[in-house]
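Enquirer: Residue strings, one per chain:
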Amino acid sequence: MRVAITGAGLVQEIDTAPEAGVDPGRLRRMDRFGRVGFLAGNEAIRARGASAHGAASARLGTIFGTAYGCRDSITDHADLVVATTRGDELRPALFAQTVHNSVNGELAIEWGLGGVSEVLVSGRCAGLEALLVAAGRIEDGEADCMVAGGAEGIHPAMQRAWAVERESYGNRGRSVDLHEAGAAVVLEKTREGVRELAAISGGTFFFEPDPEEAARRLARWVIETEDGRRGTLCVASIELEGTFSSSLWSALEGKGWESRERDTAPDRELLAAAGPAGVVEAVRRFAAADSNGNPGDEMVAVRDPQGPTALVRISAPAARRSG
Amino acid sequence: MKSGSERNTPRREVAITGLGAVTALGLGVERFWSELVAGASAIHPVTLFDTRRYQAHDAAEIGTVPEDPLGDVDERAHRFALAASQEALGESAASFGGARSGVVVGTTLGGNRLWTNWLQGGTNGRSAEMLDLSSVPSATRLLARRTGARGPAITLSVACASGTAAIGLGAELIRRGEADQILAGGYDALSEFVFAGFDSLRALSPTTVRPFDRRRDGLGLGEGAGFVLLEEAGFARRRGARVLARVRGYASASDAHHMTRPSPTGDGLFRAVTGALANAQASPEEVGFISAHGTATPFNDRMEAAGLARLFGKRAGEIPVNSIKGALGHTLGAAGALEAVMTTLVLMRGVVPPTANLSEVDPGCPLDLVSGRARVVSRGIEMAVSTSSAFAGTNAALVLERA
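Listed in order, the protein sequences are those of chains A and B.
Residue numbers in the first sequence follow this note's numbering, run continuously in steps of one, and reach 323 at the last position.
Residue numbers in the second sequence follow this note's numbering, run continuously in steps of one, and reach 1403 at the last position.
By construction, these hints were calculated from the structure, which means they are not laboratory data.
Keep in mind that the hints are not guaranteed to be accurate.
Computed list of chain B residues with no C-beta within reach of chain A, every gap over 12 Å [what the hints assert, rightly or not]:
no., residue
1, 1152
2, 1191
3, 1348
Across the chosen pairs, the derived CB separations fall in these ranges [what the hints assert, rightly or not]:
no., chain 1, residue 1, chain 2, residue 2, range
4, B, 1377, A, 212, 34 to 40 Å
5, A, 169, B, 1091, 49 to 55 Å
6, A, 26, B, 1298, 39 to 45 Å
7, A, 163, B, 1145, 50 to 56 Å
8, A, 193, B, 1379, 46 to 52 Å
9, A, 164, B, 1374, 35 to 41 Å
10, B, 1121, A, 250, 40 to 46 Å
11, A, 192, B, 1242, 45 to 51 Å
Cβ atoms here follow ideal geometry from the backbone N, Cα and C, with glycine treated the same way.
The task is simple: from the sequences and hints, build the whole structure.
Expert: Here is the structure:
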């Protein structure tokens, strides 16, 4: 597999973020997940150098991953249903924001993305799953260009629930807060004239409740598919189980991979945005690296304590790779 | 994901080898089918919650919630998913599991009743799990754990197109070699949360749900689950599984028009069906049946007719079309999956169930709508299309082929 990354965006603050030429009222009406995903997708598309569109194209699509999606709007609508006594006191525009594919709809309207429109709500791995499903579609010729990423919007009620749930992870979870973030990339077929920032060159996702077995499976995949381009491996998720990362590194001992921490808010739980944030960081590292160098691959892995596990391999832009 | 030469192998075929259905028409596929063929409707006054403050009062509510054989699962929506998926697996359960088996599930809200209950202070002593147990992927993980699936475990949520998209993505994963078996489907439970929301949009019918009827005045909600067992065709053959139908193609497309109203010309639907046929390497001339989204809202049904007429041209008035939402309501995340189950049975049996409650076809919907009585297609149907459309402009389509 080799699918070009031609744009990247990373957003962490949505209440103060520049509004990127979009009507501020429209942004405010969006659910927080929708807003952060939209802003990240917007940033990635602008970074690629796209301009205003004509008719919507079936060859341009979006796929996002999230753990909790529109739970912000869902919570507000649920509270309103309980608090009101008449049907006409409800807010239809609020209910319309409770669909997780709102981020796809907003980006499609803004940029004429008339193709694939999907949201994976699989948990912490959903962001990396979205990148790999998108890359697979481009490789198979089902799409020319996909905006893919991960996003999370957090409602105060979710922080309260998490404050209880994290106790079950002991010291590992106690100091971790949920945090909003969105990270997205533009993926396209590798071809002449396309400015490649990096490339997705493989990946895997699966379900495995046992963290040590998940680590062994992931390590096997890394060893069986690496072809001399060893570089760094970033476990982008917060370690909540206590054994996943150590088991992974134990299985990869002596294989030449270096460990890298996530740069973006490494002590915060970014959920499904963590993996794509790690990918955007890798893209920026390639851009910043010495152009005479021959950088190895970067791998970004995410582990969800509920079982899903995923990894994406990112390679340097073609012009930078030797051989 | 494959990382090189595996891409040059022939395209893998995807077979449907199991079906499961839980709806207000009854439990199980055969009851689902017989009630649809009889033209029955399960839309009745709601008893789950008080509807007096709303304009509408009816829905297709499931009276007897299936039990969980292990007794662990309380959540209504999860029990629907468990029961339908277990029926789809059936005797194939013994061959399912491990790294080459996966689960792909579509839903709009997952375990949301647990979340809204928690918000109101009802924890049942499970507050530590509430954030995760009430989450959208909770049933997917439950199914993966119960079946031993250790391949992909993905949840899709694209509103009313979730079930169609889940089956489409499941087929895609098999075609790409990521799995040999995928348990794919969709589910959702009726709730005041959703009822109130649709009522606030004035989308619910205060009278009778009549898809494509000139008197139609809105949709009726429903609940349930639909599942299929998808297998790589060679894998199914080698283990002696009966192939019920094949998934030939899938596509998803956006209207890129408006967040709550569909494109009046059905642009996104047109692109989704066109894309699914291209993915199937098939032409519109080969399609012998269409399962429409057919919600019975004034906007949706006209939009669908416009999109289908644009694609199929003169044949749009000759291909049998139905909607089953007059029978079992709009089951949201389950809808596309239940329609895929129904479409598989249409291909197997050559009979098209009628569109319940349709008696005066809207002249603005010039399709060959099956109504009144089930239609026997004596020459059989070789290929069918099933479509779904959703809020935020997402559309999805499947192409299924007779085995």
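Enquirer: Give a verdict on every hint.
Expert: Now for the hints, and whether the structure bears them out:
no.	hint	verdict
1	1152	6 Å, violated
2	1191	9 Å, violated
3	1348	28 Å, holds
4	1377(B) with 212(A): 34 to 40 Å	55 Å, violated
5	169(A) with 1091(B): 49 to 55 Å	40 Å, violated
6	26(A) with 1298(B): 39 to 45 Å	26 Å, violated
7	163(A) with 1145(B): 50 to 56 Å	26 Å, violated
8	193(A) with 1379(B): 46 to 52 Å	51 Å, holds
9	164(A) with 1374(B): 35 to 41 Å	53 Å, violated
10	1121(B) with 250(A): 40 to 46 Å	45 Å, holds
11	192(A) with 1242(B): 45 to 51 Å	49 Å, holds
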